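S.K.: Since chain A is already given, all that's left is putting chain B on it; use the hints.
So the protein lines, in turn, are chains A and B.
For what it's worth, this note's numbering labels the leading residue of the first sequence as 1, then goes sequentially.
For what it's worth, this note's numbering labels the leading residue of the second sequence as 1001, then goes sequentially.
If you're looking for bench data, these hints aren't it; they were derived computationally from the structure.
Worth double-checking, as some hints may not be accurate.
As the list claims (entries may be wrong) - The calculated BS3-like cross-link candidates involving lysine-lysine, where the alpha carbons are at most 30 Å apart (straight line), are: (1) A/Lys158 with B/Lys1263; (2) B/Lys1270 with B/Lys1229; (3) B/Lys1229 with A/Lys158; (4) A/Lys171 with B/Lys1228; (5) A/Lys169 with B/Lys1263; (6) B/Lys1395 with A/Lys126; (7) B/Lys1327 with A/Lys171; (8) A/Lys171 with B/Lys1270; (9) A/Lys172 with B/Lys1270; (10) B/Lys1455 with A/Lys172; (11) A/Lys126 with B/Lys1229; (12) B/Lys1327 with A/Lys217; (13) A/Lys171 with B/Lys1263; (14) B/Lys1149 with B/Lys1395; (15) A/Lys169 with B/Lys1335.
Predicted, not measured: the structure shown is a model, and the values here were computed from it.
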Amino acid sequence: MTGPEIIKSARAEKRTVLTEIEAKTILGEIGINCTPTILASSKEQAVATSHEIGYPVVLKISSKDITHKSDAGGVKVNLANKGEVEQAWDEIMASCRGAYPDADIEGVAVQAMAEMGTEVIMGMIKDPSFGPVVMFGLGGVLVEVLKDVSFRIVPIDKNDAVEMCGEIKGKKLLEGYRGQDPADVACLQDMLVTLSDFVDRTPGIEEIDMNPVFAYKAGAAVVDARIILSAE
Amino acid sequence: MIELFFKPKSVAVIGASGTPGKLGYVIVKNILDSDFAGDVYPVNPKSDEILGYKVYRSVTEIPGDVDLVVTALPTPKLTVATMEACAQKGVKAVIIESAGFAEMGGEGKVFQQQIVDIARENNIRVMGPNCSGIVSRNIVTSIYPMTKKVPDGNVVLIGQSGLLAAGMASDIVENESLNISHVCSFGNKCDLNENDLLEYFGNEDDVDVISMYLETVSDGRNLTRIAKKAAAKKPVIFLSGGRTEAGAKAAMSHTGSIASNAKIVEAAVKQTGMIMADDFTELKDFAKVFSTQPLPRGNRVAVITLAGSVGVNVSDLCAAHGLELPKLTPETTEKLKDMFDTPVGNPVDLYYSVTKIGFTKTLETTFPDAFRDPNIDAAVVILAGFKYTQEAVQKKIIQKIVREVGKPVVVCMIVGYNKYKNVIMDEMGKELPVFPSLISGVKALSKLCQYGMRKQSS
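With the rest of the complex left out, here is chain A (with noise of 0.2 Å):
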């Protein structure tokens, strides 16, 4: 499906939740590079499907009921062999089905274990008054606790990019801290404009969080999104 298909079958179905296979595509068909992300719908599959990504694999589970996929013991990290792959299944079933036995669970998101880069997190969000925020600061603990993110009202220009980008306490972070490798800072400018310009064209979009990306010293790439459509 392509991503006004995906949105329009979603609001057929009355959900404002994307999954993340469905979020990642509408992304990757705008320009945003997403770690490849297969869904498999049985245990023989997942392994099939890990063979062909290449181990290590994550698995996540796929269910338009369960958004907190951690929360509900639906992620497993690192897999890398056909026994970790079926073990793995059997735990996320059977922990996603106790924590929510009501849940439609349609398998898991089968995708490669991304290479390791600095962590950060872009994303979107409908203020009542300025209408669509994106948002960009460094993943992982500084999220959580120091809140240190930048934010800009959409549309943005590059050079609201470059401001975001520069603005945040750690970014020396993305620098290169102490011989880690430099982030490739002007992929991440150019991420945050197409996200701005896709949500200034796409009414019904209520938030979006790309969480985390790993930036690169060439390139970045998104590991985990979420798209949530306003609701009707």
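M.R.: For chain B alone, kept in the frame of chain A given last:
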């Protein structure tokens, strides 16, 4: 149409009163005492004459056209009736000063909606309710008695608070050296809001600085668009009150849970190139610097002082607010070497020069040499209130040098501010920003430098 509020040819005051002290009296008196040259029509069914003006029983009885109506009626119900009379008369601009509307909730909300409905149907623009309208040289609609005329300035102050256009305006006019031209409060903004005024004053050539106080943002998307345009032309200083989590909802995403109204407003201020003030004093302080000083090319500052300790303190403050203190060029140092026993640095401690050639002469020669240095974009001048300072101040030495060199200066007073406040204000204040503290001067200068640099890069 917004112009009708600021440049009306005729004004009717509804609820006008002949009893001194009553709001309806103060408004008429304020209009009388301003430079307003048009027709004034007090309206009151029970009076014949107020302050020499013929009184009309209703707005519909007024013979000529009425450009602007000011109302201060005791009940919302009477105000709604007046709106209907205004519509009948063909009035296009109404200032409603009375309170008791949406801010009270309940019935007040209903009355306010009735006013909005009448206004929309009849193409009337409404300022207020719950405001005190406009304080300017041309017209004063405030309910606070003005004792001095508003200066013919270049600074506009707009905001929601009624106090702003009432108490604060009269205080600025009486006690402060701020070149104000309009103070305007729009209260509940049932119709006219900050975006209308920002657009209007952004396009007014005789307005150089806009200071704005907001508690609620009416239409943030439009504000961003309009403020961007206005701030590209002239500085827009912004104070946001009530930066609370109101309006925040149970967000499902990370982004949503971290976003707060304050953060979004802050983002809008940065994005549009507005200048954020943290309190009412800064709203005025920044306006003072922006309205009197040329824009610097950069953020390289010379600190000019008479006392070493103060120079050290200011240097710290400069660094904390993004201002650099570069070394002066060897040419300047060479030029000044006879005036100093030690190599001249930055801060430039004028003490040695003062002991050699006296204070006034130092301000006329040594200071300008340091100020002209090509490494320097702006200066913080620290003065102490002494007798000889008064003399130098009265000779307007610093103003002349600022004009000549074309770089900005802020003056910070350390001692004797209160004693010499009037001298400094009268002689210097309208042309030079003088601050009673180091931090206020440094902060204001840093905003000026930021704006100057942003303007050059865009």
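S.K.: With the threshold set at 30 Å, check whether the alpha-carbon distance from B/Lys1149 to B/Lys1395 stays at or below it.
M.R.: Between B/Lys1149 and B/Lys1395 the Cα gap is close to 26 Å, so the pair holds against 30 Å.
S.K.: Straight-line Cα separation of B/Lys1395 and A/Lys126 no greater than 30 Å?
M.R.: violated (57 Å)
S.K.: So if I understand the rule, the pair passes when the alpha-carbon distance is 30 Å or less; does B/Lys1327 with A/Lys217 pass?
M.R.: violated (38 Å)
S.K.: A/Lys172 and B/Lys1270: Cα distance at most 30 Å?
M.R.: Holds, because 21 Å separates the two Cα atoms, which is no more than 30 Å.
S.K.: When you check the alpha-carbon spacing of A/Lys171 and B/Lys1263, does it fall within 30 Å?
M.R.: holds (18 Å)
S.K.: Checking one constraint from the list: CA of A/Lys169 to CA of B/Lys1335, max 30 Å. Satisfied?
M.R.: Distance ~42 Å between A/Lys169 and B/Lys1335 Cα, so the pair is violated.
S.K.: Please verify whether A/Lys171 and B/Lys1270 have alpha carbons no more than 30 Å apart.
M.R.: holds (18 Å)
S.K.: B/Lys1327 and A/Lys171 were given as a pair; does the straight-line alpha-carbon distance stay at or below 30 Å?
M.R.: holds (29 Å)
S.K.: Given the hinted pair A/Lys126 and B/Lys1229, is their Cα-Cα distance within 30 Å?
M.R.: holds (23 Å)
S.K.: Is it true that the CA of B/Lys1229 sits at most 30 Å from the CA of A/Lys158?
M.R.: holds (18 Å)
S.K.: Given the proposed pairing of A/Lys169 with B/Lys1263, does the C-alpha separation stay at or below 30 Å?
M.R.: holds (15 Å)
S.K.: Can you confirm whether the C-alpha distance between B/Lys1455 and A/Lys172 stays at or below 30 Å?
M.R.: Holds: B/Lys1455 and A/Lys172 sit about 27 Å apart, inside 30 Å.
The earlier numbered hints that this structure contradicts are 6, 12 and 15.
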